[in-house]
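J.: What follows is each chain in one-letter form.
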Amino acid sequence: MNVLVVLIPVSVGLGLAGLAAFVWTLRASQYDDPAGDRARILDDRFDDAPADDPRGQS
Amino acid sequence: MTAACAACSAVDVGASDAPNGGGAIQLHLPDIHCAACIAEVEEALRAAPGVTGARVNLTLKRASVEGGGLTATPLIEALAAAGHRAQELDPSLLAGQGGEMRDLLMRTGVAGFAMMNVMLLSVAVWSGAADATAQLFHLISAAIAIPAVAFAGRPFFASALRALGHGRLNMDVPISLAIVLAAGVSLMNALTGSEQHAWFDAALALTFFLLIGRCLDQAGRRAARSAAAELAALDVPQAILLTDAGPRVVRAETLAPGDRIEVRPGDRFPADGIVAEGRSDIDRSALNGESAPAPVAPGGAVSAGEINLSGPLVVTVERAGRDTALSRLTDLVATAEAQRSRYSGVADRAARAYAPLVHILSAGAFVAWFWATADGWRALDVAIATLVITCPCALGLAVPAVSTVATGRLFRRGLLVKSQTALERLAEVDMVVFDKTGTLTTGAARLTGSPEPRALALAAGLATASRHPYSQAIRAAAEARGIAPAAVSEVVEVPGRGVEAQHEGRRVRLGHPGWIGAAGDGVMLDDGEGGAVRFTFEEEMRPEAPALIATLKARGLPVALLSGDGEGTVRAASNTLGIDDAHARMTPEDKADWLAARAGEGRRVLMVGDGLNDSAALAGAHASLAPASGLEAARAVADVVLVGDDLGSVADLLITAKGSLVRMRENIGISALYNIVAVPVAVLGFASPFLAALAMSVSSLTVTLNSLRRQA
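Residue numbers (the numbering used here), protein chains in the order written: chain A, 1 to 58; chain B, 1001 to 1712.
No wet-lab data here; the hints were simulated from the structure. Careful: at least some of the hints might be erroneous.
[Stated by the list, open to error] Examples of chain B residues toward chain A, derived with CB under 10 Å:
no. : residue
1   : H1033
2   : C1037
3   : N1057
4   : T1059
5   : N1117
6   : W1126
7   : I1140
8   : A1142
9   : I1144
10  : I1146
[As the list claims (entries may be wrong)] To list a few chain B residues with every Cβ distance to chain A over 12 Å, as calculated:
no. : residue
11  : A1035
12  : E1043
13  : L1058
14  : A1124
15  : A1129
16  : T1133
17  : A1219
18  : R1413
19  : R1542
20  : R1555
21  : G1648
22  : V1662
23  : A1672
24  : S1697
On a predicted model such as this, the values are computed, not experimentally measured, just so you know. All C-beta atoms, glycine included, are put in the ideal place defined by N, C-alpha and C.
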C-alpha cells in the first residue's frame, strides 16, 4: 500500500492543477464574450499573433 | 443600418461632448453580429485619433474604447462612416454588471474539481477498501470536501438563512441542510473511523449540479439584462440650459422651475414648461397617443417626453425631474406592478410543495429508524440518504435550463426577455391588446391620394427644408413616384406655420391650412399663382402588422386596440387591420382599468405598447411587450423588449413560450419520477452514496438533455 503515498498526492495535485488552470481562464476573461470568441477564431488577423489590446470590461 | 430607430434621433443630445476622464468609453453597437463586423468596428475605432485600444464584445454587443481625452461623438461618426450604428452608454448605469457570473463560475469550478477528486477516492472505498485505508481515504476526502463545500455552497447557505430569517421555507433550505448534514456527519464518521457511509462526494455533487443550474439562470438573463440596461443608459435625458454665460448641457434632473432651456428640433422635452420663445410643432404621441402633430406658440404648455419637431424653442421650466407629467404616471405603474409581482412561476410552485415534503420525509425516516433500531447513527445515515436523494438537483435545473435555451433563441430573433417568469406568463396568454401610435403604426405619416406631379414637385422642394413629419411624407411620396423636387431659393421655415420660398420669381408657401388662408386638416400648398393644393395624410402602418393580426386571430386569440388617439384615425386603423374591438380616446387610467376589467373576467392579456400612456397598462397586463423604439418608461415595465424592427415576431414569441412551458413541466415530471423511485429505497435504508451519486447525475443529465431538445 506504499504506492498510496505517491498516488494520492499525485491525484490531488492533478486536481489542483486543473483547478488552477480553470481559475486562470476565468481571470483571463475567457468566459466574458463566448459569442465574440466563436466569431474571432475565424478571423485571419489573429493567425500570427493574438490581439494585443486590453480586454474589454464586461 | 435598417430604418434608423427613434431612439437614435434622441441620442443627438445624449452623446456628450465632455472629454472622458481617461477611462474607457463604452459604445453600444446594436447591429453587429459576425466576425467581419468585429474586424470592421475595431479597425475603424483604432484608426480614430487618440485611440490606443478598442475591443468589441459580441455577446454584449458593446465596444470598449481606450485612449486619452476621447469623446464619443467622433468615434460614433467614424463608425457611421464604416456603416455601423453606435450609441454611447452611460458607464454609471452599467456599473456592477458581470461580477456575479464570474463569482458563480468560480464556485462551480471549485465544486467540480473537488467533486472529481473525491469521486476518485470514493471509488476506492466502494470497490472494497476497508479499515485504516478507508479511513485514510475518508480523511483526505474530508480535507478536500469541507473547504470546497464551505466556499462553493455559500450562495445556497446565504439564501436559506435569508428565507429562515423571514420565517419561510425555500428550496435552498433543504439543499443547505442536505449539504451541511452530509458533510458534517461524514466528517464525524471519518474522524471516529466508523464504518458508516461517507457522503462527501454526494455533498459536492449536489453543490456542483445546483451551481450549474444557477449559472445557466444567470447566463440566460445576463445578455438580456445588460441589453435592457443599455437601453436605459441610452436615454440619458439632458437639457441645454441657457445661462448668462451662454448655453450649457446639464442633466435633466438638475433643472429647477424657472430655468430657461433651449429645445432644438428633433429633441425630447426634458421637463414640463411653458414656451417662452419660438413657434414649432410638437409630437405628443408618447404621452397621449395622438398621431397628428400639434402646433405650439409662446405661452403654450409642453410636457416632458414630447418631441419638438420643427423650430427651436426656448422653454421656461415649470416642473422638472420627478414632478413632471411623465413621472406622475409612475404611481399608476407601481400600483399595477405590485399586482403582478404576486405571480409565482412553475418552479416556485413545485418548490413550495416540495420543500416541506423533503423535510417531513427525512425527519420521518430518522424517527422510524431510531424507534426500530435504537441506533442513532444508523437513523441519521438514513435521514441523510433521504435528504440527499430527494434533493432536487434536477428540479433546480428543470426551469433555468429551459428558459436559457428559449431566451437565447428569442434573443437571436431580437426579443429580449427581461423578467424571470415572463415565458410562463406569455404561455398562458389568451388575448392580445395593442396600442396604435408607434406600435401598430410606425409613427410616420404617409401622403394619401395622388396630387398632380407639378404641385408635388413644388411641395417636395419646399419640404426639403423641414423636419416636420408631413414634410418627410411629402418628400417620400415624391421620391416614390420618381418626381424630382422643384428648385426653390431663399427658403425660410416659419416654425409652427410652414415653409416659404421663392420659385421662378414667385413666393410659394407650404404649411398649415390656416396660414395659407383655408380651413381643414392636412397641409396646403400656395403656388403663388392663386392656386392652392391640399395634401392629406394617413398614418403609416407597420408592414407586418396586418399579417400579425391575422395570424393571432387565426389562432383563436381575440385582438383589441386601445388608443389615446381620436375616433377617426382609430377607426381607419382598425378597419385596415381587421380589429373589431377598438377603443379611442383612452387615457392611461382608462387603459389600465380596461385591462383590469378583462383580468376580472379571467382573461390573461398580452399588452403591446410603446408610449408613456401605455406604461400602466403594460405593468398591469398578464404579460407585456414594448418595442425598443418606445419610451424608456414603457421598456422598463415591459417583460419583453422587441429590439428588432419586426413586430411579426410576437407570434413566434407566443409559440416559443408555450413550447417552453411544456418543456418545463416535462422536466419537473422527470425529476419527480426519479424521486418517486429513489425515495422508498432511501427510506428503507438501502441507499448508498454510490446510488445517490448515480441518481443525481443521471436525473440532472436527463433534464438538461430534454431542455436542449429542439422544439418542434
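J.: Each hint should be assessed against the structure and marked as holding or not.
T.: Comparing the hints with the structure gives:
no., hint, in the structure
1, H1033, "9 Å, holds"
2, C1037, "8 Å, holds"
3, N1057, "4 Å, holds"
4, T1059, "4 Å, holds"
5, N1117, "4 Å, holds"
6, W1126, "16 Å, violated"
7, I1140, "6 Å, holds"
8, A1142, "13 Å, violated"
9, I1144, "7 Å, holds"
10, I1146, "14 Å, violated"
11, A1035, "4 Å, violated"
12, E1043, "9 Å, violated"
13, L1058, "3 Å, violated"
14, A1124, "9 Å, violated"
15, A1129, "10 Å, violated"
16, T1133, "7 Å, violated"
17, A1219, "9 Å, violated"
18, R1413, "15 Å, holds"
19, R1542, "29 Å, holds"
20, R1555, "33 Å, holds"
21, G1648, "25 Å, holds"
22, V1662, "28 Å, holds"
23, A1672, "33 Å, holds"
24, S1697, "18 Å, holds"
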